[in-house]
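Please assemble the complex out of the two chains, which come individually in their own frames, going by the hints.
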Amino acid sequence: MTARGQWELPRRELLKGGGALVLYFTISPARLVAQEIAPSPPPPPELPGSLSEFPFLDAWIRIDSDEAITVFTGKAELGQGIRTALTQVAAEQLKVDFSRIKLLTADTAQTPNEGYTAASHSMEKSGTAILHAAAYLRRMMIGLAAEELGIAADNLRVEDGVVISSAGERRSYGQLVSGKSLHVTVEDQTGAFAPENYTVMGQSVPRVDIPGKLTGEPSYVHDVRLERMVHGRIVRPPRSGARLVNLDTSNVDQMPGVLNVVRDGNYLGVIAEGRRFKRPPSGKEALRCRPIPVSTIISCNCRQTAA
Amino acid sequence: MITLRVNGSTLETDSDPETPLLYVLRNDMELNGAKFGCGLGQCGSCTVLVDNMPIFSCLTPIAMLADRDITTLEGLGSIDAPGPVQRAFIEEQAAQCGYCIPGMIIRAHALLMRNSAPDEAAIRDALEPSLCRCGTHMRILRAVRRASEGFQEQTSAARERNR
Chain A
1 MTARGQWELP RRELLKGGGA LVLYFTISPA RLVAQEIAPS PPPPPELPGS LSEFPFLDAW
61 IRIDSDEAIT VFTGKAELGQ GIRTALTQVA AEQLKVDFSR IKLLTADTAQ TPNEGYTAAS
121 HSMEKSGTAI LHAAAYLRRM MIGLAAEELG IAADNLRVED GVVISSAGER RSYGQLVSGK
181 SLHVTVEDQT GAFAPENYTV MGQSVPRVDI PGKLTGEPSY VHDVRLERMV HGRIVRPPRS
241 GARLVNLDTS NVDQMPGVLN VVRDGNYLGV IAEGRRFKRP PSGKEALRCR PIPVSTIISC
301 NCRQTAA
Chain B
1 MITLRVNGST LETDSDPETP LLYVLRNDME LNGAKFGCGL GQCGSCTVLV DNMPIFSCLT
61 PIAMLADRDI TTLEGLGSID APGPVQRAFI EEQAAQCGYC IPGMIIRAHA LLMRNSAPDE
121 AAIRDALEPS LCRCGTHMRI LRAVRRASEG FQEQTSAARE RNR
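Heads up: the protein sequence lines correspond to chains A and B, in order. Following the working numbering, the numbering of the first sequence begins with 1 at its first residue and continues without gaps. Following the working numbering, the numbering of the second sequence begins with 1 at its first residue and continues without gaps.
Next up, chain B with everything else stripped away, as it sits in the complex (with noise of 0.2 angstroms):
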């Protein structure tokens, strides 16, 4: 049995111990944001967080997760509540497919935890492994100055509520 913290929730799992993250994530949570890409960590379509870092939940075995924190795209919020990287994808219509978007948004949230500023290398740098084929890249890298705008908002204000 591994215990599996995902968005908040518990999971008691009898899956076996080398399962990929994904597949629980997928078929036992039944959550969709995560997705099957490559299955080898070269698309980043099934990244999410795990004590907010980035991992490929399609080649960490669920083994190594126990009592760590996971957070999938539900996590950031909802089709009726949308977080607000999200909220600034939605913005800037930033899918085609939208197939790639997730994994983009889970490290988009990430790195705009680490810092609500990021200069243009950075959201580069901090979005390199996740492939989008469409082409939205340019709209990806609006969302996620747009994003940056809502954090530093976010973060200016909780400055002026602890003065």
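Okay, chain A solo, but in the shape it has when bound (with noise of 0.2 angstroms):
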């Protein structure tokens, strides 16, 4: 609340005193006069980080009652490490072991959606939803334990994920969780534990991604087979500025696998079944006809214009 009331203070000092400051950078004079007789309601403190779209803690972690962690990240690992980084942020807040943790990265069924991963955005924005969910989870956690052990939080810690009291007594995760809804908004960020207490973060780890991408494993989305996956390719042309000017796919639409020739102005391409293409046709191999296995499926006309 002191957060808010300190906002509220200078914003209403500038709409009084600052009117001929703000002139200069309003589109519209209308919009200004009506903040002047009128000035909105202050916006409530906007959450930090990626928590400001997704403000609920189920959108961030997950724990099920055999003690499973799942942290989801709407950002994808590009080789910048934030498979590892990410889950060390989780592991430090939760207080859980950095192997225990799964991390879920850009997956569009169960992750936020957090944009382009770009512009060094990641541990920003998703690294600080993640920390503070984490945070607050832990803090929910030592509250669960607090009331069913009838003992105030002070005498509780937490060790890799179980709440032990000064007595010996623990419940896990796992079983405080049991039948509790995560869908309560992270309203709280004063849990986080403070760099100087970080045992896990800001620590050198071995990268979670390298042994996957040195052996051979999937790791990337070229290794993604799915069932009836088909295959789409760019027909490109000879060169920039080249039009296509004929099109001619009577031939092609005949083909065994072939789905779909797609044409949308100079743009062309092909949608087959599997592994019909079997080498990569370059624009201007399929331009130029030649007789390759690809460049048969387009018979077309293309003549360059100057450009």
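Treat the hints with care, as some may be off.
Said to hold, decoys possible - Beyond 10 angstroms from chain B on every Cβ pair, some chain A residues (computed):
{"hint": "1", "residue": "S52"}
{"hint": "2", "residue": "R170"}
{"hint": "3", "residue": "D188"}
{"hint": "4", "residue": "D209"}
{"hint": "5", "residue": "G212"}
{"hint": "6", "residue": "E217"}
{"hint": "7", "residue": "M255"}
{"hint": "8", "residue": "N260"}
{"hint": "9", "residue": "D264"}
{"hint": "10", "residue": "N266"}
Said to hold, decoys possible - With the Cβ distance kept under 7 angstroms, some of the chain A side facing chain B (calculated, not the full set):
{"hint": "11", "residue": "I210"}
{"hint": "12", "residue": "P211"}
{"hint": "13", "residue": "K213"}
{"hint": "14", "residue": "L214"}
{"hint": "15", "residue": "P218"}
{"hint": "16", "residue": "D223"}
{"hint": "17", "residue": "Q254"}
{"hint": "18", "residue": "G257"}
{"hint": "19", "residue": "G265"}
To be verified - With beta-carbon atoms standing in for the labels, derived distance ranges:
{"hint": "20", "chain 1": "B", "residue 1": "D16", "chain 2": "A", "residue 2": "G269", "range": "14 to 24 angstroms"}
{"hint": "21", "chain 1": "A", "residue 1": "G269", "chain 2": "B", "residue 2": "S156", "range": "53 to 63 angstroms"}
{"hint": "22", "chain 1": "B", "residue 1": "E91", "chain 2": "A", "residue 2": "G202", "range": "20 to 30 angstroms"}
Calculated directly from the structure, the hints in this document are not laboratory data. The beta carbon of each residue, even a glycine, is placed where N, CA and C say it ideally should be.
Written as structure tokens, this is what we have:
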């Protein structure tokens, strides 16, 4: 609440006293007037990182009754090491061993949609969300254990996902979370461990994705193989500025395995079943209609125009 | 029908004889190690060994490979039992995106089989056809030097045994 109070005052001050200044930056004078007459209520303090868009705890962390811990991120591992770094953040703030956390990255069905993985935003946005979600969850677990055991939270500590009382009573996260909903807003961001107390974050940890990438485990989009997956290929023109003038797909449509030829202006692509494409056609080959397996797919007439 | 011998197992394939090896490895055999990078033999991410010599699998038609010994990244070790070069790369954390590394490991392996104590120039020369755009080069070089120590220990141990 103090944060909101601090926020309100300077904003009102600005609106009252800084009208001339605001005018410089406002496109619509009508909007400025409206603001002066009836200042809109200040927005609630924005949740940090990607919590601002996905404020619910269960968007970031799932704990199953069998003690499995899954952390979700909408950012993708691109070799920048976020699988490892985000797991460190979760392990630190949950007080759970690093190796016990399963991190799920950029799964459209399961993780928050955090947009692009770019511009060094993964730790700032996703890392911040996971940090606060994990800290909130840890404190929630301590609260539940305190309730169950009928003792003050101060007498409880967490070791590798188990809340332990000073008398030695133990309640695991899995036990505590059983029957509880984690669909709650991560509204309190005061519980995270401070940097001086970090034991996992900031440590140099071997990257978890490297062994798989160096031994041929499926690690890239190219390694995804789905049932009934079809393949598309773009037929590229011989050079920039070339226009696709004429296209005859009659012989292509008859070919076994070809599902569709897609044309959108100068853009041309073929969709076919499975492994029909036995070698990559270069645009040149395809458009010159040389007798190679793929180029026979499309007979076309391409006239180049000066760029 | 062409018979291919990959990592010790045999595959009969009715693919077009001019199909590049990479397509058979990735699509038919579902091996992920060799990568499609440029498809033009310019980046080295598709490199595999044929009779212990590194080749670009994206350019090499299977017609040329009947009854030759083909080794891919998977043939050098697995995630549970990585080979000596893979182990050295893991220990040195010599990968950023990791896409070029299978080719680097294959080339380093071929080099160390020929010469277990290569000097810096020989290592650089052997890896030259593989491109890394992340900029992991110094770690890659360290990993090959580390792997070379492993190979030398192996060689001297073998020499001891044969004495």
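message: Hints numbered earlier in the text: which of these fail when held up against the supplied structure?
response: 4, 5, 6, 17, 18 and 19
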